[in-house]
Amino acid sequence: MAWEWGRVPGGLFMGSLVTLVIGYDSPVIELLRRLGAEMGEAGQFIRVFSPNTLEGGKGLDDLRSSRVIFLYTHRLPKEAEEAIASSSARFVIPVGESYAYLARGEEGALLQAMKYFRIGGEENLGLLLRYLLYLAGLVEEEPPPPREIPLHGVWHPKLGVYEDIDDYLRDYYMADKPLIGILYYRSLWLYGNRRPLEALIDALETEGLGVIPVFTQGYRDSVLGGPSAEDTIRSFFLGAKGARIDVLIDMLSFFLLDHGSYSRSTVDERFRIVRGVELLQRLGVPVLKPIREWYQSEHEWLENPQGVNYLTQVYEVIMPEVDGAVEPIVISTSTRVSDYRKHIPYEPHVRLIARRVKRWVILRRKKPSERRIAIILNNPPCRQLEASIGVGFGLDVPESLVRFLHRLRSLGYYTGEGELPKTGDELIHLILERRATSEFRWTPVEEIVRRGGYLDMVDLDTYMKWFMELPEEARKVMLKWWGDPRDILSGKVKRLFAGAVYNGKFVIPGIRFGNIVIMPQPKFGCAGALCDGRVCKILHNPTIPPPHQWLAAYRWVTRIFRADVMIHWGTHGYLEFRPGKGVGLSPYCWPEITVDDIPFLYIYNVTNPMEGVMAKRRGYAVIIDHAHPPYMKADTALEELDELLEEYSRAKSLGEEARAKVIFEQIVEKARERGIDVGKGSPDKITERLHEFLDETRGSTVENGLHVFGETPSDPEKLAEHVAAIMSWDTGEWISIERAVATLLGLDYDKIVSKPSEFCKKLGVSNRKAREILHSIAVRVLEKLLSKDIDPDMLSFNLLQDLVAEAARGEGVKI
Numbered sequence: 001m002a003w004e005w006g007r008v009p010g011g012l013f014m015g016s017l018v019t020l021v022i023g024y025d026s027p028v029i030e031l032l033r034r035l036g037a038e039m040g041e042a043g044q045f046i047r048v049f050s051p052n053t054l055e056g057g058k059g060l061d062d063l064r065s066s067r068v069i070f071l072y073t074h075r076l077p078k079e080a081e082e083a084i085a086s087s088s089a090r091f092v093i094p095v096g097e098s099y100a101y102l103a104r105g106e107e108g109a110l111l112q113a114m115k116y117f118r119i120g121g122e123e124n125l126g127l128l129l130r131y132l133l134y135l136a137g138l139v140e141e142e143p144p145p146p147r148e149i150p151l152h153g154v155w156h157p158k159l160g161v162y163e164d165i166d167d168y169l170r171d172y173y174m175a176d177k178p179l180i181g182i183l184y185y186r187s188l189w190l191y192g193n194r195r196p197l198e199a200l201i202d203a204l205e206t207e208g209l210g211v212i213p214v215f216t217q218g219y220r221d222s223v224l225g226g227p228s229a230e231d232t233i234r235s236f237f238l239g240a241k242g243a244r245i246d247v248l249i250d251m252l253s254f255f256l257l258d259h260g261s262y263s264r265s266t267v268d269e270r271f272r273i274v275r276g277v278e279l280l281q282r283l284g285v286p287v288l289k290p291i292r293e294w295y296q297s298e299h300e301w302l303e304n305p306q307g308v309n310y311l312t313q314v315y316e317v318i319m320p321e322v323d324g325a326v327e328p329i330v331i332s333t334s335t336r337v338s339d340y341r342k343h344i345p346y347e348p349h350v351r352l353i354a355r356r357v358k359r360w361v362i363l364r365r366k367k368p369s370e371r372r373i374a375i376i377l378n379n380p381p382c383r384q385l386e387a388s389i390g391v392g393f394g395l396d397v398p399e400s401l402v403r404f405l406h407r408l409r410s411l412g413y414y415t416g417e418g419e420l421p422k423t424g425d426e427l428i429h430l431i432l433e434r435r436a437t438s439e440f441r442w443t444p445v446e447e448i449v450r451r452g453g454y455l456d457m458v459d460l461d462t463y464m465k466w467f468m469e470l471p472e473e474a475r476k477v478m479l480k481w482w483g484d485p486r487d488i489l490s491g492k493v494k495r496l497f498a499g500a501v502y503n504g505k506f507v508i509p510g511i512r513f514g515n516i517v518i519m520p521q522p523k524f525g526c527a528g529a530l531c532d533g534r535v536c537k538i539l540h541n542p543t544i545p546p547p548h549q550w551l552a553a554y555r556w557v558t559r560i561f562r563a564d565v566m567i568h569w570g571t572h573g574y575l576e577f578r579p580g581k582g583v584g585l586s587p588y589c590w591p592e593i594t595v596d597d598i599p600f601l602y603i604y605n606v607t608n609p610m611e612g613v614m615a616k617r618r619g620y621a622v623i624i625d626h627a628h629p630p631y632m633k634a635d636t637a638l639e640e641l642d643e644l645l646e647e648y649s650r651a652k653s654l655g656e657e658a659r660a661k662v663i664f665e666q667i668v669e670k671a672r673e674r675g676i677d678v679g680k681g682s683p684d685k686i687t688e689r690l691h692e693f694l695d696e697t698r699g700s701t702v703e704n705g706l707h708v709f710g711e712t713p714s715d716p717e718k719l720a721e722h723v724a725a726i727m728s729w730d731t732g733e734w735i736s737i738e739r740a741v742a743t744l745l746g747l748d749y750d751k752i753v754s755k756p757s758e759f760c761k762k763l764g765v766s767n768r769k770a771r772e773i774l775h776s777i778a779v780r781v782l783e784k785l786l787s788k789d790i791d792p793d794m795l796s797f798n799l800l801q802d803l804v805a806e807a808a809r810g811e812g813v814k815i
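Going by my numbering, the sequence shown opens with residue 1, and the numbers climb by one from there.
It cannot be assumed that every hint is accurate.
Stated by the list, open to error - With a Cα cut of at most 20 Å, we get these calculated EDC-like pairs of lysine to aspartate or glutamate:
no. : residue 1 : residue 2
1   : 241       : 231
2   : 465       : 484
3   : 784       : 806
4   : 661       : 673
5   : 788       : 717
6   : 761       : 647
7   : 241       : 230
8   : 755       : 688
9   : 755       : 642
10  : 342       : 300
11  : 158       : 176
12  : 78        : 61
13  : 661       : 646
14  : 661       : 647
I should point out that these hints are in silico values taken from the structure, not numbers from a laboratory.
Work out the full structure: start from the sequences and follow the hints.
Structure follows, in structure tokens:
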């Protein structure tokens with residue numbers, strides 16, 4: 001069969017016969033257009049569009065008239081989707097599941113076209129265009145199958161491609177250095193757009209680190225059966241003796257590990273289902289995740305107070321951190337070039353990432369006896385006392401810290417020659433005795449120095465060197481709010497702005513145990529004995545930069561003490577709330593300025609994830625969660641009112657109206673003493689409201705003490721109360737433990753809960769009191785089970801029934 005170009009069998013044809021829609025802002029768009037143009041006259045029958053182009057209505061006629069439509073995109077304008085659905089195309093080839101329902105044509109042909117594209121590379125994309133023309137009936141000869149090229153491997157800009165890691169390491173000129181793994185998309189190797197990758201490789205090597213830059217598809221391809229990111233990690237970063245690398249840098253997007261195949265109906269499940277955690281445990285190295293900003297230029301990102309685009313947050317921050325990736329630092333931005341986006345490295349952050357990686361390597365490789373640790377204690381605003389240092393939500397910080405110090409000493413860390421504090425109380429007394437505090441309200445800085453409650457002093461020359469490193473804009477704002485540091489250290493400004501200044505130097509409060517320092521977090525200005533309480537109100541003002549004392553203290557940690565790791569101890573301090581962008585910080589943002597380039601750990605309460613992720617995303621912190629303290633039912637200290645209500649219920653049930661009237665008057669008096677509004681109404685209505693008030697109050701839970709870091713609660717009584725408190729209410733997955741006990745005792749639990757003021761004849765108490773008894777019975781049963789360490793598999797209904805009966809008798813219930 002032969003025809004003139006521009007004329008096809010059946011008559012003159014002026015549109016396209018093959019249309020490709022390429023999304024994801026991929027440079028493949030320009031490559032396909034170039035390859036089509038190089039095909040000569042055949043290229044006039046090929047059109048390549050991006051979804052952005054189709055949004056303007058362009059290309060819809062081409063879609064309707066095409067014989068073959070190829071789709072690689074996750075989004076299409078509605079009009080384009082309708083044009084494809086109504087077209088007379090013989091073949092519609094969607095790559096991926098987003099538009100699988102539009103697929104049309106012989107399955108074998110669709111798979112073959114996908115293989116050309118999935119294997120990729122310039123030669124295979126040229127073959128793809130020829131194959132699509134073949135399917136459209138424009139060429140008689142079917143092109144050869146795709147040329148096989150690596151689906152994963154090492155690519156180094158100076159050495160080329162290696163499919164075998166051992167071959168690469170034999171040739172690599174820095175194989176004897178600490179090695180850093182970089183995992184990036186195969187498409188960067190195939191199609192360019194890799195300036196950020198090349199800049200990172202260069203920066204790491206400049207820091208004296210070797211690099212294993214490995215490309216992967218990131219997912220297990222159902223068409224090719226290719227390797228996933230997990231397979232790539234096993235092949236290139238793990239050896240017979242364990243990890244080949246000291247740090248892994250994840251330059252992929254989305255999840256790192258396998259969360260199952262994608263479908264729109266299972267998005268929520270993919271955040272919960274994960275396989276491969278054991279792989280990362282075997283690897284045993286930090287996984288850092290730089291942010292590639294897909295949607296903003298450098299200027300747009302720097303000007304955006306929120307930081308990176310919300311979709312970038314999802315793909316580059318939220319999903320990767322589910323798998324444990326940390327340090328979301330912007331490594332590149334993007335700018336639109338025709339129909340795709342070109343990634344531009346942000347050089348200040350490329351260098352910062354390289355320095356931080358090096359510090360992780362140093363921490364990992366140093367002997368424990370040489371590691372230096374800076375522990376920062378929370379230091380709440382002035383509360384008319386100085387003993388509030390070292391607090392944490394739900395955590396016994398002093399006791400936890402003392403046990404941590406002893407554990408470090410046992411592991412070979414140098415904690416000084418003297419004795420360590422034996423208890424948390426001893427540690428706090430030591431801090432207060434030495435006045436190692438940044439309050440300055442009751443303690444003049446002279447007293448801190450005299451008592452030895454300081455770690456060091458920072459002179460003007462040293463501080464000015466650090467200050468001048470800051471971006472000009474950051475310096476200007478700091479000077480506006482806090483004045484010139486030269487004036488502060490010379491005593492020319494009010495103490496309100498000075499912080500701890502002694503003999504023309506900034507004083508760094510704290511105590512030291514060998515290579516471990518413990519210091520309070522610096523405050524935001526303090527007027528000392530002249531304080532009227534107003535200054536500390538700026539503590540959480542997100543627009544005001546920290547004072548010079550703050551910068552001096554944190555820079556002393558990172559530059560003078562040279563800490564290998566900084567640990568913020570307890571929920572929560574103020575670093576993560578300092579001025580700057582929301583996510584995707586810049587060098588102008590104070591959390592980034594503060595942490596400098598050292599690894600940062602944060603001991604955080606697991607029940608406060610929303611503020612925890614702020615510390616993780618804005619402070620570049622690795623969050624070390626601790627358990628919440630055990631719960632217990634609230635003790636309202638309203639026992640007298642409780643007893644009077646019980647007496648009232650009993651008198652009413654026995655028909656003793658005169659006695660009930662006297663008791664009611666006592667109830668009203670006692671309630672008012674406690675500041676409880678009894679309201680208006682009959683005695684029965686008022687007592688019913690008070691029953692509901694006590695029931696609601698007692699139904700709430702409170703902490704049963706504080707958690708000690710690293711310690712699992714082992715007291716059966718406390719654990720039993722904790723479990724019973726958590727299981728006090730019905731949920732969608734299980735019934736209340738109190739309901740279960742009531743059922744075994746033959747009681748109407750719903751009536752007990754809904755009508756707390758009525759009388760429970762079987763137990764001889766009000767329904768509200770009956771519920772307390774049910775709770776006490778549940779605690780007794782759980783305590784018995786825990787103390788006997790009964791195997792859950794050995795539990796039977798008869799055993800539980802016997803335990804409930806025994807516990808009920810212990811509460812005075814007749815069975």
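So, going through the hints one by one against the coordinates:
For the proposed pair residue 241 and residue 231, the alpha carbon gap of about 17 Å is at most 20 Å, so the pair holds. Proposed proximity of residue 465 and residue 484 is supported: the alpha carbons are some 14 Å apart, at most 20 Å. This hinted pair checks out: residue 784 and residue 806 have alpha carbons roughly 10 Å apart, not beyond 20 Å. Straight-line distance between C-alpha atoms of residue 661 and residue 673 comes to about 19 Å, which keeps the hinted pair within the 20 Å bound.
As the CA atoms of residue 788 and residue 717 are separated by approximately 12 Å, the hinted pair is consistent with the 20 Å bound. A C-alpha spacing of about 14 Å is found between residue 761 and residue 647, which places the hinted pair at or below 20 Å, so the restraint holds. The suggested pairing of residue 241 with residue 230 holds, with an alpha-carbon distance near 18 Å, which does not exceed 20 Å. At most 20 Å may separate the alpha-carbon atoms for a hinted pair to count; residue 755 and residue 688 meet this at roughly 8 Å.
For the proposed pair residue 755 and residue 642, the alpha carbon gap of about 16 Å is at most 20 Å, so the pair holds. Between residue 342 and residue 300, the direct Cα distance comes to roughly 15 Å. Compliance with the 20 Å bound is thereby established for this hinted pair. Restraint check for residue 158 and residue 176: satisfied, since their Cα atoms lie roughly 17 Å apart, inside the 20 Å limit. Restraint check: the Cα-Cα separation between residue 78 and residue 61 comes to about 14 Å, which is no more than 20 Å; the hinted pair holds.
Between the alpha carbons of residue 661 and residue 646 the distance comes to roughly 14 Å, so the proposed pair stays at or under 20 Å and holds. Pair hint residue 661 plus residue 647 holds up; C-alpha atoms about 11 Å apart against a cutoff of 20 Å.
Comparing the model with each numbered hint stated earlier shows that all of them hold.
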